[in-house]
Amino acid sequence: MREPLVHFLVAGLAIFAVLSWRVQPDDPASRVIDLSREDQARLSVNFAEVMGRPPTQAELDALIQRWVREEVLYREALRLGLEEGDAVVRKRLAQKMDVIAASAADAEKPDNATLAKWLRDHPDRFAQDMQLTFDQLYFTSRGRAVVARTLLEGGADWTKVGDAISLPAHFDAASRKTVSDEMGPDFAAALEGLEPAKAWHGPIESALGWHLVRLTAKQPGVLPPLSAIRARVEDDWRAETGRARQDAAYRTLRASYTVRIAK
Amino acid sequence: MRHLRHLLGASALLLTLTACDMTVTAGGSSPAASGDGTGTVPVAAYPERVYWGDTHLHTDNSIDAFGFGARLGPEDALRFARGEKVISSTGVPAQLERPLDFLVIADHSDGLGATRRLYDAPRMLIRDETLRKWHDMMHEGPQQSQRAVAELITAAANGTLPAALRDPANQAKATEEIWRRHLQTIDRFNEPGKFTALGGFEYTLMPDGNNLHRVVLFRDGSAKTSQVRPFPGLGGNVDELWDYMDAYEKKTGGHVLAIPHNGNVSNGLMWELTMPGGGPMTAEYARRRASHEPVVEATQIKGDSEAHKFLSPNDEFASFGVAGWELGNLPLTRRATPDMFGGNYVREALKRGLTIEARTGVNPYRFGMVGGTDSHTGLPTADENNFFGKHTGNEPSPKRVMSPQNLGTDQGRFGYHYLAGGYAGVWARANTRAEIFDALKRREVYATTGPRMTVRMFGGFDFSPQDFGGQGWVQAGYKRGVPMGGELADGGKAPVFMIEALKDPIGANLDRVQVIKGWVDAGGVSHEKVFDVVWSDAAKRPMSGGKVPAVGDTVDRAKASYTNTIGAKQLRALWRDPEYRAGQSAFYYVRVIEIPTPRWVLFDALRYHLTLSADAMKDAVAQERAYSSPIWLIPHKT
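So the protein sequences, as listed, match chains A and B.
The end of the first sequence is residue 263 by this note's numbering, with every number in the run present.
The end of the second sequence is residue 901 by this note's numbering, with every number in the run present.
Please keep in mind that the hints were generated in silico from the structure rather than gathered at the bench.
Among the hints, a few may not be true.
With a straight-line cut-off of 16 angstroms between C-alpha atoms, the simulated EDC-like cross-links for lysine to aspartate or glutamate are [as the list claims (entries may be wrong)]:
id	chain 1	residue 1	chain 2	residue 2
1	B	Lys457	A	Glu195
2	B	Lys832	A	Asp124
3	A	Lys177	B	Asp399
4	B	Lys704	B	Glu512
5	B	Lys832	A	Glu205
6	B	Lys348	A	Asp124
7	B	Lys742	B	Asp725
8	A	Lys177	B	Glu347
9	A	Lys177	B	Asp819
10	B	Lys704	B	Glu750
11	A	Lys91	B	Asp795
12	A	Lys177	A	Asp124
13	B	Lys348	A	Asp236
14	A	Lys91	B	Glu311
15	B	Lys348	A	Glu205
16	B	Lys881	B	Asp795
17	B	Lys780	B	Glu750
18	B	Lys780	B	Asp795
19	A	Lys198	A	Asp135
Please read all numbers here as calculations on a predicted model, not as lab measurements.
Generate the whole structure from the sequences, applying the supplied hints.
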């Protein structure tokens, strides 16, 4: 029953060992307090970060005395179990557990194989949008569009028919998102369903009115090679892996608990 | 159990000490993404489409945002802006229905990251009593934390911030690391042609709590922007900001501009007729102001600054989003009196610009308009049905609509006074840093209160109905006229404008399109007039008494819904100024009004089964709108 907890602690210990430059931390249960040169330097750095300058020797001495005082009281507080039932301590320690769980992902340098797999497994996040090249004519009513289509089929000059609108008549390799942003999602979906041809399609309704469309090229969204978007894939991997490890760590721990919520 | 505790205490300590160094190495960026985008993607011959973005977002690096509880940083904000789902600081999944095309994270330069440092600092090292009190309040819980920040903002407004937060040397050192990391982050997310992440910060000048804030925005990538640090604003004056901007351009060869916002809570100081501090405005000051600040943010969550009924009594659409905000300055430590309104609102500022120009020869307020969010949640949301609040204290919850919201004093301003926020529409030739920046610089941009309607405007003298009715009207507009933000030299003929508005493709229909004209008469007195130039259902809505009747209202209050059974999808007008006088200095901007739609408070009422107060109910439906940048008609100098 205890096993998952042990696993997690072992993982925590491993991280701890890797990152630790002070192999043997003070044991809060001990009554010996050691303050190494490194610890003192850290106090000094903390002071400088808050105050904007390094402490004087007198200030450092005072800092050390205060640190010792706090350490003594901290250990005695732990002996008395005062941290229990304290909302701030509780929350802070919980946050630190999350940091431990996610931190390995922060430090890790994923190799190409890991990222290539990540890319393959999440094509929707990295695939380029479908690209559409087309001419469009805008009409304020369906009837006008129908009439215009007949004219076009009779050989009329396409640049002379259509109602005026603030949309380009020609879209060159426009992304599906652009088409959707400008004419609405339904129109983009309709265009996606067309096959490139010389003929005019439509009338197709958009959010703004009616259109005749001549789709000349349609390029499906391709997945770029890892080398082209490595930074982005790594970024995505890191963010999600960190979160996933937090969740996994929590689930592992959670599994060893029985939670009873009174009705 | 005891062993577990010991282990945790020790290893967690080490982890917090090392965590900072570990995250910096993540990712990397291509040379294309880290520059200004020039030469990386094809550029259209003229702006063919609008790019949508927010020039004003705060993350947990902002001193107040963190204190209010925000825990989303720049990376989360960028993910969200480009369309990904993120979890808000209060644990609610958040996603935009439509991604943005660009984003400017503009964290406060003053005390950048300071609340987080204060929060994380060992308590015993905090010697200042006030700082220690805030530290304790921040750890006590969300409500106390928000109170601490309210106190902090008031202290900033009153100039009584503890020295440790104000000291420039201290600040500069602390800021450097955050800025360096931030620039790396935005370079990583900047994808020319797809999504633009611009560098910037907010300059928080606030004498006596009167809001003179500016977003400062860079055209360049980190090679240049890393040579400077965000410039602090508290306790300075705006001349120093312009000096800083000049120094940046000189040192790096780059470009930078500033966008003032929230004139509405400046108690008359944002757009003064005089110099700051009094005395007649000099041509030199006017010139510097105009050249550094080509655009203002006319609308955002903390109210709308376009026009006030006190100044524009004949405009039935004035005073949009002024309730609550009109009462006084930012922290409401000083009440506003009507004589201050002239310096608070954009339309009056544009008129004042003409007046000052008549006297000094320079127009300090020849600016364009954008909308922004000023959200302090890391989430640039401006849609009414997806409003994540001004700050983390009013992210979605049953209480936020009716809660007092004005920071310190709990008077006069309530949750429902917040607008859902605006966006900037930018007519650029491509989606890169350089192209977006240049469009802002030439003012070819417009503000909306959230909906993404398309607004085109060209000014010229010889546009004909044939030009306007043909497919080539946009090209004609660029060739023989100027787009919004442009200037026309008076040639003795009335100016003609080609104007088109398209509804937001997934939003509400349009009620009407108006031209707002401001001018100065021969006696040096400024005037304004609102012209309804085209409106929906015109056959059923003839103008009467110089006004177009109201469009109607389809909003179902109980269901927070509306129908597009009224209004138009497209409105266009070729409009010649019927009141043109040769030699008169004037500006013209377009205001597009949507049909009434539910505001975010109705969505909250529906979501949380709330009964709204009468005041909140009065504010529950609105006609959202867009404001174009003006076109100026400039007489020959004699």
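Checklist entry - Looking at the structure, which of the earlier hints fail to hold? => result The structure conflicts with hints 1, 2, 3, 9, 11, 14, 15, 16, although it agrees with all the remaining ones.
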